[in-house]
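Asker: Respectively, the protein sequence lines represent chains A and B. Take 1 as the starting number for the first sequence in the UniProt record's numbering and just add one per residue. Take 1 as the starting number for the second sequence in the UniProt record's numbering and just add one per residue.
Bear in mind the hints are in silico, worked out from the structure with no lab data behind them. Heads up, a few of these hints could be off.
As the list claims (entries may be wrong) - Taking beta-carbon pairs under 7 Å as the criterion, some of the chain B residues facing chain A (in silico):
(1) Ala49
(2) Gln90
(3) Ala97
(4) Pro106
Where is the CB? At the ideal position from N, CA and C, for every residue including glycine.
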Amino acid sequence: MNFDPRYLDRNFTSVGTRPIRPDGVDKVTGRARYGADFNMAGQLVGRVLRSPHAHATIRKIDTSKAEKLAGVKAVITAADLPDLTDGDAAMYDILDNCMARNKALYDGHAVAAVAAVDARTARQALKLIEVDYEVLPHVTDVDEAMKHSAPLINEATFTEGLEEKPVKPSNVTKRSQFGHGDVHQGFGHADFIVERSFKTEQTHQGYIEPHACVASVSSDGTADLWVCTQGHFVYRQHCAQLLGMEASKLRVTSSEIGGGFGGKTHVWAEPVALALSRKAGRPVKLVMTRDEVFRASGPTSATSIDIRIGARKDGTITAAEATLRYSSGPYAGTWAEIGAMTAFACYRLDNVKTVGYEVLVNRPKTAAYRAPSAPMAAFAVESAIDELAKEIGMDAVEFRIRNAAQEGTRSSYGPVYGPIGIGPTLEAVKNHPHMKAPLGKNQGRGMACGFWFNFGGQTCTDLNIGMDGSVSLAVGTVDVGGSRASLSLVAAEELGIAYEQVKAVVADTSSLGYNDMTDGSRGTFSSSMATISAARNAIKVLRERAAQMWDIPVDDVVWEKGHAIAKGEKHGNLGRLSLKEIATASGKTGGPIAGHSELVADGAGVSFATHICDIEVDPETGATRVLRYTVVQDAGKAVHPTYVEGQYQGGAAQGIGWALNEEYIYGKDGRLQNPGFLDYRIPVCSDLPMIDTQILEIPNPNHPYGVRGVGETSIVPPLAAIANAVSNAVGVRMTHIPMSPPRILAALEAEQAG
Amino acid sequence: MAGVAVSTTINGDNVEYLCQPDETLLDVLRDRLGLTGAKEGCGTGDCGACSIILDDRLVCSCLVLGAEAEGRRVETIEGMAHGDRLHPLQQKFLEHAALQCGICTPGFLMAAKDLLAKNPDPTEEEIRFGLAGNLCRCTGYDKIVRAVQDAANVMKGA
Numbered sequence: 001m002n003f004d005p006r007y008l009d010r011n012f013t014s015v016g017t018r019p020i021r022p023d024g025v026d027k028v029t030g031r032a033r034y035g036a037d038f039n040m041a042g043q044l045v046g047r048v049l050r051s052p053h054a055h056a057t058i059r060k061i062d063t064s065k066a067e068k069l070a071g072v073k074a075v076i077t078a079a080d081l082p083d084l085t086d087g088d089a090a091m092y093d094i095l096d097n098c099m100a101r102n103k104a105l106y107d108g109h110a111v112a113a114v115a116a117v118d119a120r121t122a123r124q125a126l127k128l129i130e131v132d133y134e135v136l137p138h139v140t141d142v143d144e145a146m147k148h149s150a151p152l153i154n155e156a157t158f159t160e161g162l163e164e165k166p167v168k169p170s171n172v173t174k175r176s177q178f179g180h181g182d183v184h185q186g187f188g189h190a191d192f193i194v195e196r197s198f199k200t201e202q203t204h205q206g207y208i209e210p211h212a213c214v215a216s217v218s219s220d221g222t223a224d225l226w227v228c229t230q231g232h233f234v235y236r237q238h239c240a241q242l243l244g245m246e247a248s249k250l251r252v253t254s255s256e257i258g259g260g261f262g263g264k265t266h267v268w269a270e271p272v273a274l275a276l277s278r279k280a281g282r283p284v285k286l287v288m289t290r291d292e293v294f295r296a297s298g299p300t301s302a303t304s305i306d307i308r309i310g311a312r313k314d315g316t317i318t319a320a321e322a323t324l325r326y327s328s329g330p331y332a333g334t335w336a337e338i339g340a341m342t343a344f345a346c347y348r349l350d351n352v353k354t355v356g357y358e359v360l361v362n363r364p365k366t367a368a369y370r371a372p373s374a375p376m377a378a379f380a381v382e383s384a385i386d387e388l389a390k391e392i393g394m395d396a397v398e399f400r401i402r403n404a405a406q407e408g409t410r411s412s413y414g415p416v417y418g419p420i421g422i423g424p425t426l427e428a429v430k431n432h433p434h435m436k437a438p439l440g441k442n443q444g445r446g447m448a449c450g451f452w453f454n455f456g457g458q459t460c461t462d463l464n465i466g467m468d469g470s471v472s473l474a475v476g477t478v479d480v481g482g483s484r485a486s487l488s489l490v491a492a493e494e495l496g497i498a499y500e501q502v503k504a505v506v507a508d509t510s511s512l513g514y515n516d517m518t519d520g521s522r523g524t525f526s527s528s529m530a531t532i533s534a535a536r537n538a539i540k541v542l543r544e545r546a547a548q549m550w551d552i553p554v555d556d557v558v559w560e561k562g563h564a565i566a567k568g569e570k571h572g573n574l575g576r577l578s579l580k581e582i583a584t585a586s587g588k589t590g591g592p593i594a595g596h597s598e599l600v601a602d603g604a605g606v607s608f609a610t611h612i613c614d615i616e617v618d619p620e621t622g623a624t625r626v627l628r629y630t631v632v633q634d635a636g637k638a639v640h641p642t643y644v645e646g647q648y649q650g651g652a653a654q655g656i657g658w659a660l661n662e663e664y665i666y667g668k669d670g671r672l673q674n675p676g677f678l679d680y681r682i683p684v685c686s687d688l689p690m691i692d693t694q695i696l697e698i699p700n701p702n703h704p705y706g707v708r709g710v711g712e713t714s715i716v717p718p719l720a721a722i723a724n725a726v727s728n729a730v731g732v733r734m735t736h737i738p739m740s741p742p743r744i745l746a747a748l749e750a751e752q753a754g
Numbered sequence: 001m002a003g004v005a006v007s008t009t010i011n012g013d014n015v016e017y018l019c020q021p022d023e024t025l026l027d028v029l030r031d032r033l034g035l036t037g038a039k040e041g042c043g044t045g046d047c048g049a050c051s052i053i054l055d056d057r058l059v060c061s062c063l064v065l066g067a068e069a070e071g072r073r074v075e076t077i078e079g080m081a082h083g084d085r086l087h088p089l090q091q092k093f094l095e096h097a098a099l100q101c102g103i104c105t106p107g108f109l110m111a112a113k114d115l116l117a118k119n120p121d122p123t124e125e126e127i128r129f130g131l132a133g134n135l136c137r138c139t140g141y142d143k144i145v146r147a148v149q150d151a152a153n154v155m156k157g158a
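Build out the structure end to end from the sequences listed, making use of the hints.
Answerer: Structure representation (structure tokens):
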């Protein structure tokens with residue numbers, strides 16, 4: 001049946017309510033099973049040996065002593081993960097990142113792994129592996145890496161996207177450009193121009209659950225993988241390709257996931273665990289330590305961004321330009337490209353140009369982190385926007401309202417917008433009591449806007465109706481923060497039954513068709529679309545069965561509020577049949593009743609947010625305190641508003657950590673100096689105030705209920721909102737994130753020194 | 001290495017186990033006793049995901065040796081509910097959606113239980129400092145604080 005995804009205004013019964021999540025009790029009683037909570041009979045413990053060098057040629061690895069240690073069942077190196085990527089450069093990078101082949105490219109790069117009977121033996125075995133390194137010069141800073149004198153990380157890198165292919169290799173893998181109009185001309189019409197350079201340091205997603213998996217490869221070539229992941233179907237595909245398996249022979253089960261934020265969208269240790277299991281002939285459990293999580297998984301790009309924006313006296317922006325340099329670790333990425341796309345997406349611009357450079361550095365391979373690349377670009381742009389408003393003498397909110405993108409605006413990255421929420425979030429902020437609250441000494445207020453695309457993607461969902469009328473909903477998008485609750489609400493809404501009648505589960509890769517991973521804020525957006533489609537397909541079957549039970553044409557049967565109703569006066573005596581009555585009779589009317597859905601969820605609605613932050617700065621120490629924080633964001637339609645609020649609050653808190661505290665600190669030796677939660681300090685409860693939220697609902701026209709993704713946009717404005725607040729508090733423009741106390745003090749001292 | 005024989009009480013039950021002298025209580029709970037409710041987020045006492053109550057004191061079980069539990073009382077998340085009746089904190093965490101991914105939740109619940117045992121009527125600030133040893137990366141803590149406030153009110157009335 002053709003599925004019509006268009007939005008239709010309706011009165012909701014279940015959607016918009018706030019029931020308790022179906023996986024809740026297991027999670028408050030300790031019963032929920034995460035990556036490391038699963039065990040198999042005969043399981044071995046895996047451990048990975050990692051390079052202590054930022055950049056080194058691996059001359060030789062001698063594993064013979066480790067292999068002889070009692071209790072060691074397998075030792076592997078890159079030789080046990082032969083290159084089967086067949087020219088697929090992105091997959092080759094994943095392979096090389098899982099296990100270094102010729103060179104170790106960052107401190108923490110895996111070079112060998114063992115499987116042993118227990119953790120102690122595995123640790124001992126690692127110490128017996130002898131690696132002969134030739135240490136090479138390294139570079140970890142994004143600007144340094146772009147210099148001609150910088151050590152080359154990959155000699156085969158010739159910058160793509162230039163008009164002429166460069167003759168010399170460099171650390172810049174790609175140049176990308178977006179925009180329209182003529183910025184040169186636009187700046188010519190400007191009365192005021194602000195030009196600034198900004199830097200942001202590298203941060204980690206900081207999920208509390210380290211990567212963990214249990215791999216079991218059988219001698220018949222089949223395998224099982226239990227793993228915490230945002231996308232078990234993608235993990236299956238990647239692992240199967242890297243290990244030379246048929247995808248269908250590898251069953252991947254996604255455990256409960258203890259946070260991902262983009263960091264669990266890439267395979268790291270899973271192919272290693274499978275290779276160890278294959279060699280040892282036994283199941284292998286591989287759990288990263290926190291040190292490994294920091295050194296070898298995640299993180300974001302570090303960035304260096306130049307912004308130039310011009311405006312007329314009346315507050316109209318005439319031109320905007322950005323050059324964005326994003327580190328991608330030692331492998332090619334598209335992070336600057338995404339930053340270049342998002343940078344000016346909030347605004348209606350006639351002349352805009354953004355250029356992105358992807359830069360190799362000797363740091364871990366950059367991974368997605370919640371609206372990846374957008375927060376840094378927004379920090380730079382929204383800081384400059386604030387400064388420009390000041391120069392013109394306009395209120396920062398009014399200036400943004402005047403230039404905000406609208407329906408019909410051609411975005412800075414190309415497409416023309418449909419109905420969007422940037423204007424409404426700004427109006428809501430303008431009228432919010434927070435904006436009018438008084439401020440004390442050393443306190444400042446900042447606000448900023450943020451944009452994220454949101455994705456849709458491939459989605460497959462099964463809805464099975466039991467004989468007792470209860471509904472099993474099997475989805476393939478991993479639930480990272482309550483989506484089983486929201487999808488149960490959607491199934492209940494569409495079928496017209498109670499939320500409690502629906503039980504949603506995340507199915508394994510052998511039980512359901514392919515699903516893209518939970519990223520791009522797509523979990524609830526795409527799986528709710530597929531759930532609606534599956535429910536509509538089930539309703540069609542239910543109507544057919546009811547027609548059969550009544551012996552009337554199916555066209556005379558409609559579905560309303562969980563019941564089949566015979567329409568027309570001639571059927572006036574038939575009453576109605578509940579879903580349960582039809583389900584109970586299903587054995588006699590044609591067998592089980594189900595609805596399935598396979599679709600590409602197109603039309604993810606773009607998402608906008610505006611945040612307000614009050615901050616107090618201690619001018620003696622540079623210490624900061626967030627006093628008040630407000631998030632206003634468009635959800636399209638909030639399916640489960642409490643969890644939507646949770647996404648807003650969580651993103652804001654991560655942004656606060658990024659803005660004020662979190663950063664990867666590398667020593668001159670290229671080693672990460674703070675790979676632990678003590679020294680890489682994420683916000684704790686006493687660091688934060690309550691985080692107020694305001695949900696706006698501007699329906700996405702491409703979803704039956706108007707749903708937009710809500711997960712990521714909330715991390716985009718905080719860096720800028722807080723930077724604007726700090727700048728307003730101390731009277732100095734802050735240009736380097738995080739604004740840790742030493743950096744704030746240095747900025748104050750530089751200002752005083754003139 | 002010879003194992004250490006330990007006799008202890010876990011969630012009110014007498015438990016005996018053998019562990020290595022350098023094995024943490026967290027590893028004993030998870031790997032030897034199958035009590036996987038306590039999580040290892042860091043192994044260095046910085047995240048609180050492995051929080052348990054040892055003789056009425058909140059501790060990170062990753063910083064306690066298995067052998068140190070000898071003769072003591074261990075409370076873990078698995079012992080928090082009474083049969084199928086949830087503890088008010090567990091109930092309020094559900095009602096307030098004080099968890100998203102849930103990996104930190106057992107630790108937060110143990111820390112909150114310890115906090116309310118010592119201070120049944122905490123201010124917001126006391127809750128925030130009382131729970132500052134537990135990291136949550138999903139919620140921004142807002143709903144956790146509200147859940148603890150609500151649970152404190154319920155428990156006072158009980």
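Asker: Could you check if Ala49/B really has its C-beta closer than 7 Å to a C-beta on chain A?
Answerer: Hint holds; Ala49/B Cβ to chain A Cβ min 6 Å, cut 7 Å.
Asker: Verify the interface restraint on Ala97/B: the C-beta must sit less than 7 Å from at least one C-beta of chain A.
Answerer: holds, 4 Å
Asker: Under 7 Å is the threshold here; is the Cβ of Gln90/B close enough to any Cβ of chain A for the hint to stand?
Answerer: holds, 4 Å
Asker: Going by Cβ atoms only, is Pro106/B closer than 7 Å to chain A?
Answerer: Pro106/B check passes; min Cβ-Cβ to chain A is 5 Å, inside 7 Å.
Violated hints are absent here; each numbered hint is respected by the structure.
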